[in-house]
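**Student:** Residue numbers (the numbering used here), protein chains in the order written: chain A, 41 to 538; chain B, 5 to 369.
Mixed in with the good hints there might be a few duds.
[Unchecked claim] Mimicking SDA-like on lysine to any residue, the simulated pairs with C-alpha atoms at most 20 angstroms apart in a straight line are: (1) K359(A) with R368(B); (2) K10(B) with L500(A); (3) K300(B) with E520(A); (4) K10(B) with K198(A); (5) K214(A) with E520(A); (6) K359(A) with A364(B); (7) K345(A) with V361(A); (8) K288(A) with R207(B); (9) K345(A) with F16(B); (10) K311(A) with F367(B); (11) K359(A) with I24(B); (12) K311(A) with R118(A); (13) K288(A) with R368(B); (14) K359(A) with L17(B); (15) K198(A) with K226(A); (16) K288(A) with A22(B); (17) K10(B) with R514(A); (18) K345(A) with R368(B); (19) K34(B) with A296(A); (20) K371(A) with Q457(A); (21) K215(A) with R196(A); (22) K359(A) with A303(B); (23) K359(A) with G20(B); (24) K311(A) with R207(B); (25) K359(A) with G58(B); (26) K34(B) with R364(A); (27) K10(B) with P360(A).
These aren't lab readings, by the way, just hints derived from the structure by calculation.
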Amino acid sequence: MSEIVLSLRKATKLYAGVPAIEAVDFDLRRGEIHALVGENGAGKSTLTKVMAGVVTLTSGAMTVDGADVAPKTPLEARNLGIAMVFQENSLVPTMTVAQNLFLGQEKFYNRLRGIYIAAQQFLQSLNFDVTPTATVGGLGAAKKQMVEIARAVLHRAKVIIFDEPTASLTPEEKKYFFDLVRDLKKRGVSIVFISHALEEALLLADRITVLRDGKHVVTDDAAKFDRTAIVQAMVGRDLSNTLYGRRKSSVRPVGARVLTVQNLKMAPMVKNNSLSVFAGQITGVFGLVGAGRTETFKIVAGVLKRDFFHGGEILLHDKPVRYRVPAPAVKAGIAYVTEDRKVEGFFETSSIARNIYLGLLSKFPQRRMMLSRREADAVGKTWIERLKVRTIGDNGKVVELSGGNQQKVVIAKSLVQEPDLIIFDEPTRGVDVGAIVEIHELINRLADEGKAVVVISSYLPEIMALSDRILVSRQGKVVEEFSALEATEERIMYAAIH
Amino acid sequence: MIAAVKEFANRFLGRGDATITVPSFDGALKPNQKLESAETLLTCNAPEDLATDGRNLFVADGQRLMCLNGGATSVVRSFERPISALCALPGGGLALALGGREVRLYPSPSAVEPSVTFADAAFNAVNALALTDDNTLIATDGSTTCGVDDWARDLMELNRTGRVFRLDPGNKTVTPLAGGLGYAFGACARGDAMLVSESWRHRLVLVAPGASPRIVLRHLPVYPSRLSKASGGGYWLTAFTARTQLVEFVLREPAYRRRMMAEIDPEYWVAPRLRSGISFKEPMQGAHIKTMGVIKPWAPPRSYGLVIRLDADGQPLYSLHSRVDGANHGIVAAIEMGDDLVLIAKGPGRVLRLPLTGLAEEFRP
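Whole structure, please, built from the sequences with the hints as guidance.
**Tutor:** Dropping the structure here:
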């Protein structure tokens, strides 16, 4: 049996004449973990979609176990032993775990009891703690991921492709996921995974392939890479210092107080939380998962409601406000850039211009009867240029964009409202390093223009690179404040835990 | 009727006026312990206000006027009533308020007779004096009903009777500039207008002749008091104590306040104080815990020490604190003298000195 289980030669895929991948060579060894890294738009997703039969090659060849293949559908790829676990899982939320596992493999007559027993045995064999009778919609991100993986293994996949598998997982869930991937490797399954977290690639992968602008740059053993080398290969220049390496030597002066939160309560996540946000500064908010950061600022933006009784007070420009829905908050000058862009950030099948224009529409004082397509296109074009959204044509749909460019659309949708207070919740989650730099530059520019900027992030280097002042949240309230000049990772983490 | 229903709903739901919250100390007001490291220049019984002619530091200590020159301390003179405010005049003169009811101007600190006396019948609690560019004086009067030492009662009665006067030594006239203030306590000239502290409304207002007071800074987590000019532009604003939820709650309970004022020794009222930790009878707020002889530094304070550096627009730049476990509480006056900031911590009865060098760099957020 050949050591190479899957290979691509001179793989090229064109979209409207524009190459998404161009003459890419790729080999996947049996039982190896192979990381695919690259900036957004580098062609990682296209390459894996070719392997999984989601898209077909324009030119080039693909072989599985030495035989030439050209899967045209995911079913054909699955029959070849290739399964893909998408970033947005493909499970049916209203069906049970067992039903999802056997979906597409139903027999003429199916006994539900038999399916549950088989699913139970199978999940136990994988050491997955998932109840087969549970409805998928009620499961957490990690458990859904487990079901996706179990389904891939059940289909006897010899190649499993993961697209950003850890983006929605907590640190504990990530650790569990890594153990699982290593277990699959022991069973002889080959793993391809896309990740923007370079540390994960370095930690988990046997080999790493770097793509840039749709072209193959380098493939080598993971042990021969370090973070700087990967970043350099990804972007063609040394960005590691620009990104997180440089420590702040000065902070912006404090401006007028824009937002005051006093004794805010929303059981059980926000407990007596008090904080202020000032104009012309970036206020970083750090905390572990469940510290109530997102909930606090969602209440500020009218996405969530505070407690009905004695819920505390929010003052915008020193005037008390209480938003029950986001629209009045938007009109008052508050923009919230969500951490879950795929669910809350945009309409993925609408065009980029339409999405950005929707942000502008919510700012208008009255509802419009007639919408101007010309105005929408003009607004869209302006912001696509301003934020350097990389798109194939102005009428491209958001779903066709890479993660970083999707995030830019979400940001543009908020900035078009010309807010005074902009809340970025995990602004660079699932975004490649090139786009991270651009988004960070944008956030800094907003603060320089005098806007009050809040950055919520679970990633300490990001908080330290961006913030002028850092608020540390723990168990539903802000427990510590640091100036960027006095903050160290140790002090911040200590405050977040103790 | 609608107002009554609204008030009932607000009290039931804890909203509107019934929201018992206090702004947090963050940003420029982020707590530190700098005031605890200040050098004590002088300890006295009842320090109230400061003034300097550039060489000498004058301290109002009860009825006595003290002078500090280098390391030497002397009593310049005594008055028949306590000095409630001090202000240095051009040419070495001194203005002072006595018992809050009279303002006298002396050509020199040791002069026997005052050059001008303002004893307007309207004066009741003159607590601060400031000089304007045209050499007239600004006087803030905290209350029409409570004396200068009875400020806690004024707060508990929710009085809003503070006033600002212009005193013209040239024609010996007193001109009211503003009224209805929530305990005016401190003023400082700013161009043609003047910045005035409103302690009970936790804000600074700009009072200009012929115009309504304009809010410059509001929603302070403290009770602001005297103001003085800072070198390089801007001001020093003292705050004699911090707001707490317990006091805010009591201020919304009229029946409780009435009984408290009628039955309890004022020393133990649930009210802001200039010092604490003296007696076990003092009221405490939840989380205000003392263990092994040490009060938690993050406990809600009964007394507090704070001075805030403001920029020329009246916005906070940074602040110097003495927290709940400190001693230098009840800061009521702060002036610059040479390269130092001199303060009065009325709680422990101290005159403090802090070098100005490096303060901004150390504490600017």
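**Student:** Take the hints in turn and mark each one as holding or not.
**Tutor:** Hint by hint, here is what the structure shows:
no.: 1; hint: K359(A) with R368(B); result: violated (26 angstroms)
no.: 2; hint: K10(B) with L500(A); result: violated (46 angstroms)
no.: 3; hint: K300(B) with E520(A); result: holds (15 angstroms)
no.: 4; hint: K10(B) with K198(A); result: violated (68 angstroms)
no.: 5; hint: K214(A) with E520(A); result: violated (28 angstroms)
no.: 6; hint: K359(A) with A364(B); result: violated (30 angstroms)
no.: 7; hint: K345(A) with V361(A); result: holds (12 angstroms)
no.: 8; hint: K288(A) with R207(B); result: violated (34 angstroms)
no.: 9; hint: K345(A) with F16(B); result: holds (18 angstroms)
no.: 10; hint: K311(A) with F367(B); result: violated (29 angstroms)
no.: 11; hint: K359(A) with I24(B); result: holds (15 angstroms)
no.: 12; hint: K311(A) with R118(A); result: violated (49 angstroms)
no.: 13; hint: K288(A) with R368(B); result: holds (15 angstroms)
no.: 14; hint: K359(A) with L17(B); result: holds (19 angstroms)
no.: 15; hint: K198(A) with K226(A); result: holds (12 angstroms)
no.: 16; hint: K288(A) with A22(B); result: violated (42 angstroms)
no.: 17; hint: K10(B) with R514(A); result: violated (35 angstroms)
no.: 18; hint: K345(A) with R368(B); result: violated (34 angstroms)
no.: 19; hint: K34(B) with A296(A); result: holds (15 angstroms)
no.: 20; hint: K371(A) with Q457(A); result: holds (8 angstroms)
no.: 21; hint: K215(A) with R196(A); result: violated (24 angstroms)
no.: 22; hint: K359(A) with A303(B); result: violated (28 angstroms)
no.: 23; hint: K359(A) with G20(B); result: holds (11 angstroms)
no.: 24; hint: K311(A) with R207(B); result: violated (27 angstroms)
no.: 25; hint: K359(A) with G58(B); result: violated (42 angstroms)
no.: 26; hint: K34(B) with R364(A); result: violated (31 angstroms)
no.: 27; hint: K10(B) with P360(A); result: holds (16 angstroms)
In summary, the structure is inconsistent with hints 1, 2, 4, 5, 6, 8, 10, 12, 16, 17, 18, 21, 22, 24, 25 and 26 from the numbered list given earlier, while agreeing with the others.
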